[in-house]
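Please take these sequences and the hints and turn them into a complete structure.
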Amino acid sequence: DTGVSQNPRHKITKRGQNVTFRCDPISEHNRLYWYRQTLGQGPEFLTYFQNEAQLEKSRLLSDRFSAERPKGSFSTLEIQRTEQGDSAMYLCASSLGHLSNQPQHFGDGTRLSIL
Amino acid sequence: AQRVTQPEKLLSVFKGAPVELKCNYSYSGSPELFWYVQYSRQRLQLLLRHISRESIKGFTADLNKGETSFHLKKPFAQEEDSAMYYCALGASGAGSYQLTFGKGTKLSVIP
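Sequences listed follow chains A and G, in order.
Under this note's numbering, the residue at position 73 of the first sequence is numbered 937, and the numbers go up by one with no gaps.
Under this note's numbering, the residue at position 55 of the second sequence is numbered 62, and the numbers go up by one with no gaps.
Note that these hints are calculated values from the structure, not bench results.
Every residue gets a Cβ at the ideal spot worked out from N, C-alpha and C, and that includes glycine.
Each hint should be verified, as a subset may be incorrect.
Partial chain G-side listing against chain A, Cβ under 10 Å, derived [unchecked claim]: (1) V11; (2) P14; (3) K16; (4) K22; (5) Y43; (6) Q45; (7) Q49; (8) L51; (9) Q52; (10) Y93; (11) G97; (12) S103; (13) G109; (14) K110.
The list that follows gives simulated cross-link-like pairs (lysine-lysine, BS3-like), each with its CA atoms no further than 30 Å apart [claimed, not checked]: (15) A:K921 - A:K878; (16) G:K110 - A:K875; (17) A:K935 - A:K875; (18) G:K80 - G:K110; (19) G:K16 - G:K80; (20) G:K29 - G:K113; (21) G:K64 - G:K16; (22) A:K878 - G:K110; (23) G:K64 - G:K113; (24) G:K113 - A:K875; (25) A:K921 - G:K80; (26) G:K29 - G:K80; (27) G:K113 - G:K80; (28) A:K921 - G:K16; (29) G:K22 - G:K80; (30) G:K110 - G:K29; (31) G:K16 - G:K29; (32) A:K921 - A:K875; (33) G:K110 - A:K921; (34) A:K875 - G:K16.
Shown next as structure tokens:
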């Protein structure tokens with residue numbers, strides 16, 4: 865198992881375009897999280913899935929952002945009509961089970977640059 | 008609302024010197040605290056969690072609820088400890104599974 869996998873690693877796009885990122889969690893993990901990290905900041909929570917259900921969303925997740933996890937496996941995060949402020953590293957994490965203290969395992973992230 | 012404060016952006020110590028990375032949190036419920044580390048060109052990875060009360064790579068951290076702190080300590084710093092360290096707070100008791108991260112402290116160990 866190679867851990868959490870994210871694609872692409874880098875995405876450069878023009879303002880106003882739509883982008884989609886993919887996250888493949890560790891295979892037995894039922895929980896999946898998306899975070900955003902900008903320069904000089906720690907990761908900030910965006911949204912959380914338990915299996916295919918999206919159970920928690922941050923107010924950071926504007927209407928232009930949508931996330932899915934069909935069949936409770938991989939997840940996609942789409943940003944529509946990108947803006948300069950969307951430039952950031954988008955991190956995915958996954959964890960296992962019902963215990964509250966199961967650690968979250970992070971992927972390498974997708975770095976988004978808006979021109 | 009949860010908040011995590013790491014007061015130092017950068018901490019430089021000499022090899023062999025003690026290290027203490029500070030973390031304070033704000034949360035009214037029962038907190039779950041973690042330290043994550045990111046080495047150069049590597050992904051964020053879990054270093055410690057308070058519930059385990061373990062020592063990893065010589066690092067320890069004790070949860071002090073009175074002072075709302077979870078400082079990370081190591082008695083003798085090594086060059087390979089140079090990395091970015093993030094303190095994180097979980098609040099699953101409140102039905103939330105997100106982690107709230109601090110801004111991070113960059114540890115630089117001088118040979």
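Evaluated hints:
{"no.": "1", "hint": "V11", "verdict": "holds (8 Å)"}
{"no.": "2", "hint": "P14", "verdict": "violated (13 Å)"}
{"no.": "3", "hint": "K16", "verdict": "holds (8 Å)"}
{"no.": "4", "hint": "K22", "verdict": "violated (27 Å)"}
{"no.": "5", "hint": "Y43", "verdict": "holds (8 Å)"}
{"no.": "6", "hint": "Q45", "verdict": "holds (9 Å)"}
{"no.": "7", "hint": "Q49", "verdict": "holds (8 Å)"}
{"no.": "8", "hint": "L51", "verdict": "holds (4 Å)"}
{"no.": "9", "hint": "Q52", "verdict": "holds (7 Å)"}
{"no.": "10", "hint": "Y93", "verdict": "holds (5 Å)"}
{"no.": "11", "hint": "G97", "verdict": "holds (7 Å)"}
{"no.": "12", "hint": "S103", "verdict": "holds (6 Å)"}
{"no.": "13", "hint": "G109", "verdict": "holds (5 Å)"}
{"no.": "14", "hint": "K110", "verdict": "holds (5 Å)"}
{"no.": "15", "hint": "A:K921 - A:K878", "verdict": "holds (26 Å)"}
{"no.": "16", "hint": "G:K110 - A:K875", "verdict": "holds (24 Å)"}
{"no.": "17", "hint": "A:K935 - A:K875", "verdict": "holds (26 Å)"}
{"no.": "18", "hint": "G:K80 - G:K110", "verdict": "holds (18 Å)"}
{"no.": "19", "hint": "G:K16 - G:K80", "verdict": "holds (16 Å)"}
{"no.": "20", "hint": "G:K29 - G:K113", "verdict": "holds (12 Å)"}
{"no.": "21", "hint": "G:K64 - G:K16", "verdict": "holds (22 Å)"}
{"no.": "22", "hint": "A:K878 - G:K110", "verdict": "holds (28 Å)"}
{"no.": "23", "hint": "G:K64 - G:K113", "verdict": "holds (17 Å)"}
{"no.": "24", "hint": "G:K113 - A:K875", "verdict": "holds (26 Å)"}
{"no.": "25", "hint": "A:K921 - G:K80", "verdict": "violated (34 Å)"}
{"no.": "26", "hint": "G:K29 - G:K80", "verdict": "holds (9 Å)"}
{"no.": "27", "hint": "G:K113 - G:K80", "verdict": "holds (14 Å)"}
{"no.": "28", "hint": "A:K921 - G:K16", "verdict": "holds (29 Å)"}
{"no.": "29", "hint": "G:K22 - G:K80", "verdict": "holds (14 Å)"}
{"no.": "30", "hint": "G:K110 - G:K29", "verdict": "holds (12 Å)"}
{"no.": "31", "hint": "G:K16 - G:K29", "verdict": "holds (10 Å)"}
{"no.": "32", "hint": "A:K921 - A:K875", "verdict": "holds (24 Å)"}
{"no.": "33", "hint": "G:K110 - A:K921", "verdict": "holds (21 Å)"}
{"no.": "34", "hint": "A:K875 - G:K16", "verdict": "holds (28 Å)"}
Figure legend: structure checked against the earlier numbered hints; hints not met, in rising order: 2, 4 and 25.
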